[in-house]
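Peer 1: Numbering (the working numbering), first residue to last: 1 to 85.
Derived from the structure by calculation, the hints contain no laboratory data.
Any given hint might turn out to be false.
Mimicking EDC-like on lysine to aspartate or glutamate, the simulated pairs with C-alpha atoms at most 16 Å apart in a straight line are [said to hold, decoys possible]:
1. LYS72 x GLU22
2. LYS72 x GLU7
3. LYS72 x ASP47
4. LYS71 x GLU8
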Amino acid sequence: MRISLIEEQAITARMAMVVGAEEFDRLFLGIQFGEVEGNILYAYCPDPESAEEIEERFSLHISIIASEILKKTVGIVMVLPRVTH
């Protein structure tokens, strides 16, 4: 299931409230919440270091927020670095 733009913006806004402005700008700037397959939410981040840190530190927060917004259980959040060619 692809995530709509409004759902993506809602998840992003709620995460900004949770982590604060400085941390959000450092880690979440440019993140894209793409789709849910089963109970897995896929997010794409501009760089691998931020992707790893977001997944380690904030995947539980993201799963709770996304579950509420999407009205669907999100048990796993996979934050992947965005591949650019």
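Peer 1: Hints first: check each against the structure and report whether it holds.
Peer 2: Here's how the hints hold up against the structure:
1. LYS72 x GLU22: Judged against 16 Å, a Cα distance of about 30 Å means the pair is violated.
2. LYS72 x GLU7: 12 Å, holds
3. LYS72 x ASP47: 28 Å, violated
4. LYS71 x GLU8: 13 Å, holds
Of the numbered hints given earlier, the model fails hints 1 and 3; all others are met.
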